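These protein sequences, in sequence, are chains A and B. Going by my numbering, the first residue of the first sequence is number 119, and it counts up by one from there. Going by my numbering, the first residue of the second sequence is number 3, and it counts up by one from there.
To be clear, the hints were calculated from the coordinates, so they are not data collected in a lab. Heads up, a few of these hints could be off.
[As the list claims (entries may be wrong)] Negatives, chain B to chain A, calculated, CB over 10 Å:
1. N47
2. L49
3. Y109
4. S252
[To be verified] To give a feel for the contact side, a few chain B residues facing chain A, derived at Cβ under 10 Å:
5. P54
6. A55
7. R130
8. L133
9. A139
10. L140
11. F141
12. I215
13. I217
14. Q229
15. L234
16. L245
17. V261
18. V263
19. L268
Because the structure is a prediction, the values reported are computed rather than measured. Ideal Cβ positions, reconstructed from N, Cα and C, are used throughout, including at glycine.
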Amino acid sequence: MSPRYVLRRLLQAAPTVLGILVISFVLVYLVPGNPTLQLAGENADPARLAEIDRQFGFDDPLHRQFLTYVGNVFTGDLGFSYSQGDTVASSIRQRLFPTILLTGSALLLSSLVGIVLGALAARRPYGVVDGSVTLSVLLATALPTFWLAQLMLLAFAIHGGWLPIGGYENFRETWTGWRHTLDVAHHMILPVVVLAATELALVARVTRAGLIEQNESDYARAALAKGLSPWGVIRRHELRNVLLPVVTILGLRAGSLFAGAVIIEEVFGWPGIGTLLVQAARQNDRPLMLGVVLLVSLTVVAVNVATDLVYGKIDPRVRVES
Amino acid sequence: MKAKAGPARQTLRRFFRSPGGIAGLALVLFAITVALLADVLAPGNPLALDEPALRRPSTAHPFGTDNLGRDLYTAVVHGVRTSLLVVLWTIVIASLIGLPLGIIAGYRTRWVGGGILRVTELAQAFPRFYLGLLVVALFGGSTRNLILVLSLTSWTGLTRVARAETLAVKEREFVTAARAAGASDRRVLFRHVIPHVMPSAVVLVSLLASRVILIEAGLSFLGLGDQTRVSLGFLASNSTRFLQTAWWMSVAPGFAIAVAVLGFNLLGDGLSDALRPGSRPGRRPRQRRKAEEAAPAPERGPVSSEAGAEAAATGLA
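Pulled out of the complex, with its shape left as it was, chain A reads as follows (with noise of 0.2 Å):
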């Protein structure tokens, strides 16, 4: 892959980068409520108050304003959050582990079942198999994500037992080693799972879809032809170009992906930034709150961008046309 090609794609996210900084700016520069009035009090004399201006830049020409906080924002300082007594920055740190062991468990999870399916979907069209998966995925798409890890929770932790109903760790003990990543791996199964479930239709219906195209290829038939089962066709030569369309969709994903874990989260009490962004919009501790959506929309712009490179590496057509 050229070097040209990796800037020029690079290049083209600035402005997503850009616009992402001025709508969150200007978002939080509209808020009603004067922000000296809120450090100072109502009864605060006016040379205090010009104290505080002068101070924090209030009294800065906007785009000065804006300035600093994009330069604040690249150097990481992202403010104070006063909900956590800490900066932003390393609040946000501290909740960042679970919440990527969550997403990218989920994301793995659904992937894999999600081809699988529509693998198993695509090898007889209009069967019984693939109307079944189709149900199910259509079903899985139309349930809100809360219900369906309000129903697991009934099913697998109150009635059955089986799962604990929320946390990332079993307080009552202090374990350390394998002992602990077991028990935080039986924390993790009900989110992922749920996660995952509300994140499979897209894959399965785009792998479905791409075997069944690939089953009417010249290829696909000469394999057949030399006696290859019709799954072994499947699995041996077809999967390999559809999964260039699988990897398309990762970018798409991930929004949805997140905007999931922070319902997810909210419901599994999951010690994610998810939790941290409903505690913060509660409160209305407005720099924390700036803080994860700008670390997930940027996360979401590069995951975009990895995924652009990662198929340009796949697939040398990418590359040239675009």
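For this one, chain A is given, so just place chain B on it according to the hints.
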């Protein structure tokens, strides 16, 4: 489609032959009826706290009562009304922004079109659930704010589809012929472009409606929706704390959302199949049709895949 009775009737016939589409239409009509007749079906204030708390479903309370003694049947019926109100306004505003922009972008491809396309891409890059959450948290979760932020994040898909369809129809022979015969831009737009854009737009609007329901429910679930109205998401979030003692509290609100979302999804899929014959037959195809299916109709091919990607992109992102 109204201009010519023939194709429209064929489309309708195809639509009513697909079980999924009919089921979707029925579910959507059911939800709309419930929303319109909420006061008749469930008279009384949905927020009234005059029933005994935490009662199991019974004949007096078909869905049970919640922790504060609200009748859940009344609450859910009115919650459906709130959801559909938000959906209706959102799709109207999003269409009014998105469709004209898309048609202009497809019709005037150079500077204006390029500009519109850039803005659309920019607006799409912001994860909409997070933007909605931020706006609602900063400015308050009134229904008006919810509708505004949902519309402002939902128009992009419509713009892209309208642009793609306009680009496709613009090059067709009958448009060239109309232009050669002296038809004005205005006539070409109203007579040819807009009728051509509508089918895809209708499909997308239906799928968009289901996404809007889910996002609204998600935001209310997080406690960021309108606190002065009953919403299904809020009912569901309230039930989480009572999962162990009152399972019924979490059943009805989620079920109502699922029904509405499923309805709009099925309706969208059914319409899509009916409007694009050959792209994805709803019924088991005969051997002969298999070849057609593998090679989508040339002029529709790229367009429908654009709409498909759009539908996917309108996910909860």
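Item to check | Closest C-beta approach of R130 (chain B) to chain A relative to 10 Å, hint status | outcome: 7 Å, holds
Next on the checklist: Please check whether V261 (chain B) passes as an interface residue: C-beta within 10 Å of a C-beta belonging to chain A.
Outcome noted: Hint holds; V261 (chain B) Cβ to chain A Cβ min 8 Å, cut 10 Å.
Checklist entry - Against chain A, with CB atoms and a cut of 10 Å, does the hint on A139 (chain B) hold up? => result Interface hint status for A139 (chain B): holds (4 Å vs cutoff 10 Å).
Checklist entry - Any Cβ of chain A at or closer than 10 Å to L49 (chain B), or is the non-interface label fine? => result Per Cβ check, L49 (chain B) is outside 10 Å of chain A; nearest 21 Å; holds.
Checklist entry - Was S252 (chain B) rightly flagged as not at the interface, with every chain A Cβ beyond 10 Å? => result At roughly 4 Å from the nearest Cβ of chain A, S252 (chain B) sits no farther out than 10 Å, so the non-interface label is violated.
Checklist entry - Does L234 (chain B) pass the interface check with chain A, least Cβ-Cβ distance below 10 Å? => result Interface hint status for L234 (chain B): holds (8 Å vs cutoff 10 Å).
Next on the checklist: Given L245 (chain B) as an interface hint, is its Cβ closer than 10 Å to any Cβ of chain A?
Outcome noted: Constraint on L245 (chain B) satisfied, holds at 6 Å.
Item to check | V263 (chain B) as chain A interface residue, shortest Cβ-Cβ below 10 Å | outcome: Since the shortest Cβ distance to chain A is 4 Å, the answer is holds.
Next on the checklist: Would the hint on I217 (chain B) be counted as holding, given a Cβ-Cβ threshold of 10 Å to chain A?
Outcome noted: It holds, given that the least Cβ distance between I217 (chain B) and chain A is near 8 Å, below 10 Å.
Item to check | L268 (chain B) as an interface hint toward chain A, with CB separation required under 10 Å | outcome: L268 (chain B) check passes; min Cβ-Cβ to chain A is 7 Å, inside 10 Å.
Item to check | Interface hint for I215 (chain B), Cβ within 10 Å of any Cβ on chain A | outcome: 8 Å, holds
Item to check | Given as non-interface: N47 (chain B), which should sit over 10 Å from chain A by C-beta | outcome: 25 Å, holds
Violated hints, listed in ascending order, are 4, 5, 6 and 14; each of the other numbered hints is respected by the structure.
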